[in-house]
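*Asks:* My request is simple: use the sequences and hints to build the entire structure.
For reference, the chains in residue letters:
Protein chains: 2
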Amino acid sequence: MKYSHPPEVRPYLISKSLVPENQETPIHFYYGDIVTEKLFYRRNHFSYPNFASSFYHLPIEGLVHTPKVFSLQEIYSLPSKVIKVVLECSGDKRKLFKPKVFGEQWGKGAISQGIWKGVTLRTLLQYTGLHDSAKEIVFEGYDNGIRPDSNQLFNFSRSLPIEKAIDPETIIAYEYNNQPIPFKHGFPLRLIVPGWYAMASVKWIKKILVIGKEFKGPFQAVDYVYYPNKENDSGKFPVTTINVNSTIQYPLNMQLLHTGVYEINGIAWSGNGRIANVEISIDEGKSWNPCHLTTSSEKHSWVRWNYQWEALKRGEYTILSKAMDSNGNIQPLEPIWNRKGYGYNAIDRIKVKVE
Amino acid sequence: MKYSHPPEVRPYLISKSLVPENQETPIHFYYGDIVTEKLFYRRNHFSYPNFASSFYHLPIEGLVHTPKVFSLQEIYSLPSKVIKVVLECSGDKRKLFKPKVFGEQWGKGAISQGIWKGVTLRTLLQYTGLHDSAKEIVFEGYDNGIRPDSNQLFNFSRSLPIEKAIDPETIIAYEYNNQPIPFKHGFPLRLIVPGWYAMASVKWIKKILVIGKEFKGPFQAVDYVYYPNKENDSGKFPVTTINVNSTIQYPLNMQLLHTGVYEINGIAWSGNGRIANVEISIDEGKSWNPCHLTTSSEKHSWVRWNYQWEALKRGEYTILSKAMDSNGNIQPLEPIWNRKGYGYNAIDRIKVKVE
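Respectively, the protein sequence lines represent chains A and B.
full-length UniProt numbering numbers the first residue of the first sequence as 1 and each following residue consecutively.
full-length UniProt numbering numbers the first residue of the second sequence as 1 and each following residue consecutively.
Honestly, the hints are just simulated from the structure, not real lab data.
Given the structure is predicted, the values throughout are model-derived calculations rather than measurements.
Warning: the hint list may mix true and false statements.
Identical copies go unnamed one by one, so any copy, or any two together, can satisfy a pair.
Result set (DMTMM-like, lysine to aspartate or glutamate): computed pairs, CA atoms no more than 25 Å apart in a straight line [stated by the list, open to error]: (1) Lys236 x Glu316; (2) Lys353 x Asp233; (3) Lys351 x Glu231; (4) Lys313 x Asp149; (5) Lys353 x Asp223; (6) Lys351 x Glu175; (7) Lys230 x Glu355.
*Replies:* What follows is the structure, encoded as structure tokens:
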């Protein structure tokens, strides 16, 4: 019996459900900036689709001048764009809402970052043109199934308004981290909508359809809607842009520490521009200290930050992190509670005890 | 690019810390009764030890008539005992304590079950004999490091009283599930103490020492002690036998269900005899319904139970599970809070919403 010393120790995805597969990134144990396939969180509405990828083609139809079916080779041959993007599930941190919200109990790891390469949707639309009456563009995925609230078979479909669709950063991606997109993340083509929560980034694109009115599919008009009221739908509005947010990676919540000097660190991100600053409080928010940003602050990607903490006095401490983005959005002290539990972005909060 | 359809979906260990490695079993996604190495929870006090297993010998010393060093071959050649055992970390379910307790935030998965094969300690002691003054037997592991509360290097060491040490089910194991024990779980020899929380089942045994007094090592006299008071040590007593306990595996906490018939299921176990029965409540404990035990109830192993639930009315439900063992121990409604968060065994509780 031979063993390697020291034995390998590594973190894994954290299961939230297996059918469909929903597993989160072990974000507290991940210090890279480009999440590998193995640790990229997986979020599905249905079982994985089964389609013949060797015959794959991408049709663009509807309110266009020239409907067109693109082959993968055509798409690969067009001018490409490479972009580092944070993808965050709009249910990230759902388990932190109080009162608690039913549904997948995502912790802080329904978020990952990596490098996507593809062609801009704007480029593809130059081949088809758009009717003046075009209002939204619908992206239909190959994944489908029965929704609990109906007996009908639905494909996962989402729309973008024209202006977001033709944003020069909205791409039809075919590579992730310099490799073909892993099947579980949308092979062969995935829409990537930087700055929006990741339900917008439709996987396994089957068809693109230009329409002249508001799309009302259930993943647009029922789910991925903020319902501020528990009992009725008044005041509802759609989930779109990623809220400014931050997560403390180290120390861990409820960790026991010894007196000493520690580097508190974590990540911060926003769908609304760059991260301008991150502040830390060790005293329940009475005072705030600026953090050092250790990676450059780019649009659509997370920044890493840290703060040297001299934990010289024994006792229990609450540590808070608060990010502000370049548009002046700041994390709120309390999250905006909503019935389906989307968009949690309250100031991050952990407790530690120094012994 | 070729992919297998459907793609494999599987659960993984859940990281609680990487140095030392502490990862829990994804108990809500595990329906086997013999946990494989990959999903067996890992609990360490230090980094993995580094020792030359090819020169491995096991000494038994101290208050014995004939000190002896056993080779592995000798141990393998002695009469063996095979036993299916639940190992549960005494910190299992720690994160459920209220008020919250500092330390590793174990969920419900610091528990696993499998088949251990070895020689009884009683058999080995027949070769050495025991002095009349023998009181406890100390098991020292190869794993060592600096404890936060001292600057000294400690090996992980624990003792058993003579009567527990010579129990015919206390074994020095060398196989797990018909294979040599995986290194991370104690290769080449691990003490297995059925019925006690798993801190007693010392891994990587380096030495066995018979002593004439109470062992006072820090993993015996400081850790693994119930401290019922937050502020002082009054009323403390040692962690030993596994409390009667149960865990609801399905549905998941905060799961959304549709009206229909469901099988609520889970496991139950106790260090004090067999599981006598498990009951379910759907109405916050006002009424209790007997569960069907689907595996035979054996000493030291968990039983599987289920209950058919006709969830025909929409609404929010609290589901409780309550096990009783053959010694009449019943899970309490509230856990016995203790400062280090050991032995949580309150009635298990989840919420679901039927839509």
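*Asks:* Against which earlier hints does the structure fall short, listed by number upward?
*Replies:* 6
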